[in-house]
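Enquirer: Listed below, chain by chain, are the residues.
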Amino acid sequence: MSGYEAVIGLEVHVELATATKMFCSCPNEFGAPPNTNICPVCLGLPGALPVTNAAAVELAIRFGTAVGSTIGRAIFHRKNYFYPDMPKDFQISQYDEPICVAGAVVVPALDEAGPTTVRLVRAHLEEDTGKSVHVGGTGRIHDADHTLVDYNRSGVPLLEIVTEPDIRSAEQARAFVNELRAILALLGVSDVKMEEGSLRVDANISVRPAGSTTFGTKVEVKNMNSVRSVAHALEFERARQIELVTAGGAVEQETRHWDEADARTHGMRSKEEAMDYRYFPEPDLVPIAPDREWVERIRAAAPAQLPAERAAAIAAAAGLPANLAAAVAYTPGLADWVDAEVGAGADVTQAYVWASQEVLAHLNETGKTWVDVAPPPGTFVELGELVGDATLSKKLAREVLADVLVSRRRPRDIVAERGLEQISDDAELAAIVAEVVAANPDTVERYRAGNEKVAGFLVGQVMKSTAGKANPGVVQALVRSALEP
Amino acid sequence: MRITREDVVHVARLARLDLDDDELETFTGQLGDILDHAARVEALDTSGVEPTAHPVPLANVLRPDERGRCLDRDGVLAQAPEAENGYFRVPRIMDAGS
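Protein chains in written order, with this note's numbering: chain D, 2 to 486; chain U, 887 to 984.
It is worth saying that the hints were derived from the structure and are not from the lab.
Hints may be right or wrong, so weigh each one.
[As the list claims (entries may be wrong)] Incomplete in silico selection of chain D near chain U, CB under 10 Å:
1) G4
2) Y5
3) F31
4) G32
5) N36
6) A56
7) Y331
8) A362
9) N365
10) G368
11) A456
12) G457
13) F458
14) V460
Think of the CB as a built atom: it goes at the ideal place given N, C-alpha and C, for glycine as much as any other residue.
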């Protein structure tokens, strides 16, 4: 089986982070009660006329300029087909003149083979469909009794990003989707929540003998609802096709759905008739013709660096290991916030260490986003000052930061309220050291017999009896001098 | 190339139109005439002429991203053939696959 390679191209649908829908002023929001964000335009009522959302166009251009697409004149077309989640019986999309043409996403290295460049064919604007809930049977589409439709999502702006077949493995596909998500999030183009359907991935996959330059018969794989399922579904489909071909069979061109429950892809419908969408120009919408000035204004307002470039810059500036720098750079909003703190006087290394450790640990534990928990500006500056004047040890500073992330209070208020000031007072600590030394004669004996490592135990006892608030440097010096005969 | 009766059957099926034999006859003739006219236009030399995307010479007609009013749900669902729990209710969508 190792003589074959997979050839994979992806189609990624991204819901844009606008306040309203693509062609009407209904809210674009997830989770509203069904059929409350609807109007004559997104219900396709007779006579209703679409008007293009400027913000959606600008977000598409922002993405295109960031990945090196050519931004040109764009025409909306009608894609005609019948489905209950699309009340107009056509979807407004872009066909032969999409807003973004070409471009590329560089996927960071998975192994020593180095980074992979995945070229983009295009990225075009279109509208999302409504959402169907299948009722009865097992709740799956093919044995449902009837279907309920919610049109809140109908007309939500989508950017469909289509790649060239440049991906060669399921792992690479996963890495590409992760990279694309990070780019879209950093640019503020989408909230990229796959669990809410803001980012949906379909794949075309075929197999061929390694080194061949022709393509095998491709299968379209749908219903991959997480980055993990993209990797699992494509790995399953790669193995299935190779097994078919090596057994002398042939891959059938079809659409297959990934089923998370049984971890297999399933053929969906027999293609008695190839889809015939009868695209034609949407007569109710005029072209989008971005001039250079408009495109440049959008480019200038967007973050200048992609996440991978940002990570490299952070690693260099803060002396952070590459993986920690990347973890910060790929967390939307975090690096910008930290840089603002550094600009206001926080130490760059200290600030990024806090960001890559306490902050990311907190986000991982709580499942929250940085945007949810970001404390008031100046928090790292203040925390740095508290460490600088020895009010807090670095350990206590981490504890205060953990509190800040939950309570959003100022570090100084937390220190005052919880009595967390570090004890650096020599006399106060000397008394505690004397107590600990007196209580542990055996340890003192062993130290004096030459086992100097046991001093650490005594330091630990002092820290314990001060609830971790003693200045560790001062305690160490005091313990040493108390032990010397 | 003249449009055939089979073409009209195909297009009618795509549009979910149920046409009887007389209608198929009529539309095959009428659609043929329309395509003949298009063929005459197509015969003109249009090299160097920019394709027309829209008859109105306008571009970038855009709307600010500001929320407006939506319709009342109960009023909308009252006009649907069937509704259930705030949803439109429709028949099952697809036949069993493999």
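Enquirer: Which earlier hints turn out false for this structure, listed by number in ascending order?
Expert: 1, 2, 3, 4, 7, 8, 9, 10, 11, 12, 13 and 14
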